[in-house]
Amino acid sequence: MSDSEEHHFESKADAGASKTYPQQAGTIRKNGYIVIKSRPCKVVEVSTSKTGKHGHAKCHFVGIDIFNGKKLEDIVPSSHNCDVPHVNRTDYQLIDISEDGFVSLLTENGNTKDDLRLPTDDSLLSQIKDGFADGKDLVVTVMSAMGEEQICALKDIGPKN
Amino acid sequence: MNVPLLQPISKAIKPYEFGSRELQVNQAVLGIHGLDVQFTGVNFLESLVSEFSPSTSSAMGLPREFHEQCRRSLEIDYLKMFYCWARDAALSVTNRIVESKSEVPEVKVCNAALRLMLQILNWDFHLNNNSVKTSINVFSAGARLDIDSSKRSECTLVQPGPAWRDVLISSGHIGWLVNLYAALRQKFSREGYWLDCPIAVSARKLIVQFCSLTGTIFLSDNGQMHEHHLLQLLSGIIEWIDPPEAVAKAIGCGKSESEMLDGCRALLSIANVTTPFVFDRLLMSIRPFGTLTLLSTLMCEVVKVLMSTYPEEETWSWEARDILLDTWTALLVPLDSTGGNAMLPPEGINAAGNLFALIVESELKAASSALTDDVDGDYLQSSISAMDERLSSYALIARAAIHVAIPLLTKLFSERFARLNQGRGIIDPTETLEEVYSLLLIAGHVLADEGEGETPLVPYAIQTYFTDNMGADEHPVIVLSSSIIGFAEQSLDPKMRASVFSPRLLEAVIWFFARWSCTYLMNPEEVRETQSQDHQLQSQQLRKGLHSFFREHNQGKLVLDIIVRVSVTTLLSYPGEKDLQALTCYQLLHALVREKHICVHLVSLDSWRNLANAFANEKSLFLLDLAHQRSLAQTLVHSASGLINSEASNQYIRDLMGHMATYLRELSSKNDLKSVAQQPDIILLVSCVLERLRGVATASEPRTQKAIYELGFSVMNPILVLLEVYKHESAVVYLLLKFVVAWVNGQISYLEAHETAIVVDFCMRLLQLYSSHNIGKISVSLSSSLLSEAKTEKYKDLRALLQLLSSLCSKDMVDFSSDSIETQGTNISQVVYFGLHIVTPLISLDLLKYPKLCHDYFALLSHLLEVYPETVAQLNSEAFVHVLGTLDFGLHHQDAEIIDMCLRSLKALASYHYKETASGKTGLGLHAAGHKDSGGNLQEGILSQFLRSLLQLLLFEDYSPDLVGSAADALLPLILCEQGLYQRLGNELIERQANPTLRSRLVNALQSLISANQLSSTLDRINYQRFRKNLNNFLIEVRGFLRTM
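These protein sequence lines map, in sequence, to chains A and B. With the first letter of the first sequence counted as 1, position 55 gets the number 55 in UniProt numbering; the numbers rise by one all the way through. With the first letter of the second sequence counted as 1, position 752 gets the number 752 in UniProt numbering; the numbers rise by one all the way through.
It is possible that part of the hints are untrue.
When the alpha-carbon atoms are kept at most 25 Å apart in a straight line, the in silico SDA-like pairs for lysine to any residue are as follows [to be verified]: (1) K791/B to K53/A; (2) K706/B to A612/B; (3) K53/A to K706/B; (4) K19/A to L667/B; (5) K249/B to S189/B.
With the Cβ distance kept under 7 Å, some of the chain A side facing chain B (calculated, not the full set) [what the hints assert, rightly or not]: (6) S18; (7) Y21; (8) T27; (9) T51; (10) H54; (11) A57; (12) G69; (13) L72; (14) S78; (15) V84; (16) Q127; (17) C152; (18) L154; (19) K155.
If you want the ones that stay clear, here's a sample from chain A, every Cβ over 12 Å from chain B, calculated [as the list claims (entries may be wrong)]: (20) I36; (21) H80; (22) L106; (23) G110; (24) N111; (25) D114; (26) G135.
Don't read these hints as lab results, they were simulated from the structure. Ideal Cβ positions, reconstructed from N, Cα and C, are used throughout, including at glycine.
Pulled out of the complex, with its shape left as it was, chain A reads as follows (with noise of 0.2 Å):
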């Protein structure tokens, strides 16, 4: 029970950390993250540039918005400061997928997390149902980025465990 309560404690004071951190534009690399448009995006494509012959570099950026698959693009001088999200992957144990369209999930203190829709896009929507209802143990990974979370990923833990 101490476990769960120290758990609890730490996702509150999370819930205070920032969403976001600074970071040197410079140093953002291809497959990190960035803020672009006040959205969290994955970065796909990186190039600088000059401003100018004798200028400073400024670099050049194209994202991924890492929940909607959208593309943002955004240039800053490579020596200022961007937005960087905090993005968490958290995995769960799928329990169920209720008819409405929510899945239940259990978390690691052997609680359950109700609240995460599925997701409305077709073909994910089945790779997810088709995995549940073929009755494997699946592990669902939840991202959540700036107040957003979806799931991004998943697993068959398999017979073995």
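Given the coordinates of chain A, work out where chain B should sit on it, guided by the hints.
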């Protein structure tokens, strides 16, 4: 008849020989049947020649050898005859053309004849060079083999051989051609003729082509005949380009530039077949100056025109400049390493000096005027490599006139430095900055060569240059270098940095330093001594002065210190300037630590210690690009080779990296690691530390091995903890894996038995952990590009894991440790198989579509199967089936190399089984035997399956013929293992064959495949060889009809 129709006819003639039609064509070409027929005849011959030349011949479904035979016979029997016909045809109409006042129909014939002659001279003559050869080598016949004779690959030489001498040289043919064109020139103002009219163009092209004539066609009379030939041509060509000012002016007023460009091309051709001396002398007899002077003035004019036009306009002057630069390069590039041939006559040196001055002026003007245009990156990249080529040509010209060029550069530099200093804060310095930038690039090229991986020597022209009464530190090279170094030193001052040293300018400085220091900085003495024996004492001493000036006891250490401090400035004071920092890390610092004697001084410098200190402790260096940090770590570790002993080196590394290892240990033992670890700032820091560790690990040397092993050992547990925590953070996982790969790869061969056991155990835990995270995992995302990213990341991870296994494998091959690893009970083969067993389920057939992963995987697999076949037998059936499934996949791959590796694996597998069973053991045991699957169906053993699919491949599918040898090696043991199945398959094939003749052929072929050449049933070398022959014969005999029926 029109021209498009000719092509099919010449094709139709080609399969037969050209015999009986000869007479008719000859008559036609000579004009007996009138002009139109003559014109057609000449055109016909032209397309015939083009059809017979292999490079332009059309595919007729005939073998290459046939084309070769055709061209051979054409070259020996007909080519010269055709040429004479064309010449006679042209001669027959020349008078009419020259005499008539306006265009006459004969022009058409003459033009066609000139084109035919050009076509023939373009022929790739090579039979006379090796006429002894009787058989035709189909594969090499296409390639030209004149490496020794041409200095530049772009210019093709014409070498028809002595048989052509009477036609081309002795008969006054050249004189006729030159006169014809001269006559045409007179007519240009008239109706029907102009500078670019077809006949004029053809005549000029032919003249240029004649300039490239060389080889055995000339008598070996000290080049007199050749010289006379060139002079004859040049006397005609000179009219096109001399006087240069007038020519340039005329073109500026609207005259066509083609004649002038052809003149430049002719000079290039001549330069390619002569030495500078001969080249210069040619013109002396008809003009008061030499050809080099003409070349120089001509190019000066071109450069002037270039300066006065807008840079973006693609005008004739660009083309002319490039051709003339090529001419200079052809003249000046040394033929051998001594560079003896590059020396010019005095007049030529002056000409080169004038030209260089003008070139520098034009480059500076271009630099300062090109400020406003905002070119995009792609274009910039391609123009940089073009510029590099241009600058190296400039450098050749400058070195030819070294006494003018270097003082000139020094003067220009000091003017600009002064202007920058005076105008600070008052005038916009951008123009001057751009000029300095260009000057730095030019100076770098003039002073030093690019090493291309080797240590470049001081350029010959600089080595041999000296004048009387010159003190050691007055050598122009020293003066120039010192002034540039002094300028660069000012970047250490923050105020100067802010106002003058833009990132771009500093890029040029760093580039210059990197290039310059490879050649001059602390040059080791012994290289010089051997070279200077045959020169005068005075020059020798002076040269020594030049070389020793930047050596350790002189200015060398001071300069080194400046260079290091400037580099540190670029890293610390230019945040986010990745390009600049990349140059510093990869070019300059790497170059500095390459030589041990420089490292000795480096590590004693305060500035270097400051760099190491900042690297270990300062926050700002964590803001560098990750790859740069890795490279910096590598550089710092390499510099430890300059320390006094291995004790000191190891301590140096402990000091350098100790903090970071401690950080990882502390982080991994935190209670709240799980939540802290996900913070972006922590992720960044962890990534930096991992990249640095990886950089250190790649720099492993015997001397520093101990410290690096301890370093890695101390973070082994943290690595596993982090792998667990960051299992969803693919970027970090990749860095973790790459560090382990680099560390194991650098360490494994030095490790003692107990250390090996620890490392192996660690690797296995790593593999298991990685596998448990990733097996059965499906990424879910809306974005298809994110999904493909995820796949790519997985591929990169797996590739790293395979590399890890390969490094472990190498322990059995290269081992420097004192005792055998067996003492600790570690069996590398078992370990690697176990690793493979963990990794293979992650490698789906989909992932094998990544070529590099596929290659790595099969390389590892074939190595394992060849070296340790016994362990594969111990794999459980699931893993075994998976391994062999991938083998089957590889067998049908498109890449011949991968198929080859699979065949080698099969050979290893089957021969192991055969040998084992022959000696009464189980071999592959259950895997090889057939068994019943869950459905009750009989499953064949794996060897039977492979025998079947290999035969199927060999007989019915497409594959490269190179593979037959290795296929034979795999097939023989398979047949020996599965004799019964082989007989059955053979019978099946025979029964399917309805045609009785083919059937009997097949029966015989199958029989002789396993019995001819005294093939026995042992697996030794001789037997493999015999079987290769048998299989070859077998395939030749039956594959044709089996595939088509």
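Checked hints:
{"no.": "1", "hint": "K791/B to K53/A", "verdict": "violated (39 Å)"}
{"no.": "2", "hint": "K706/B to A612/B", "verdict": "holds (20 Å)"}
{"no.": "3", "hint": "K53/A to K706/B", "verdict": "violated (47 Å)"}
{"no.": "4", "hint": "K19/A to L667/B", "verdict": "holds (21 Å)"}
{"no.": "5", "hint": "K249/B to S189/B", "verdict": "holds (18 Å)"}
{"no.": "6", "hint": "S18", "verdict": "violated (9 Å)"}
{"no.": "7", "hint": "Y21", "verdict": "holds (4 Å)"}
{"no.": "8", "hint": "T27", "verdict": "holds (6 Å)"}
{"no.": "9", "hint": "T51", "verdict": "violated (10 Å)"}
{"no.": "10", "hint": "H54", "verdict": "holds (3 Å)"}
{"no.": "11", "hint": "A57", "verdict": "holds (5 Å)"}
{"no.": "12", "hint": "G69", "verdict": "holds (3 Å)"}
{"no.": "13", "hint": "L72", "verdict": "violated (12 Å)"}
{"no.": "14", "hint": "S78", "verdict": "holds (3 Å)"}
{"no.": "15", "hint": "V84", "verdict": "holds (4 Å)"}
{"no.": "16", "hint": "Q127", "verdict": "holds (6 Å)"}
{"no.": "17", "hint": "C152", "verdict": "holds (6 Å)"}
{"no.": "18", "hint": "L154", "verdict": "holds (6 Å)"}
{"no.": "19", "hint": "K155", "verdict": "holds (4 Å)"}
{"no.": "20", "hint": "I36", "verdict": "holds (14 Å)"}
{"no.": "21", "hint": "H80", "verdict": "violated (8 Å)"}
{"no.": "22", "hint": "L106", "verdict": "holds (17 Å)"}
{"no.": "23", "hint": "G110", "verdict": "holds (17 Å)"}
{"no.": "24", "hint": "N111", "verdict": "holds (17 Å)"}
{"no.": "25", "hint": "D114", "verdict": "holds (19 Å)"}
{"no.": "26", "hint": "G135", "verdict": "holds (14 Å)"}
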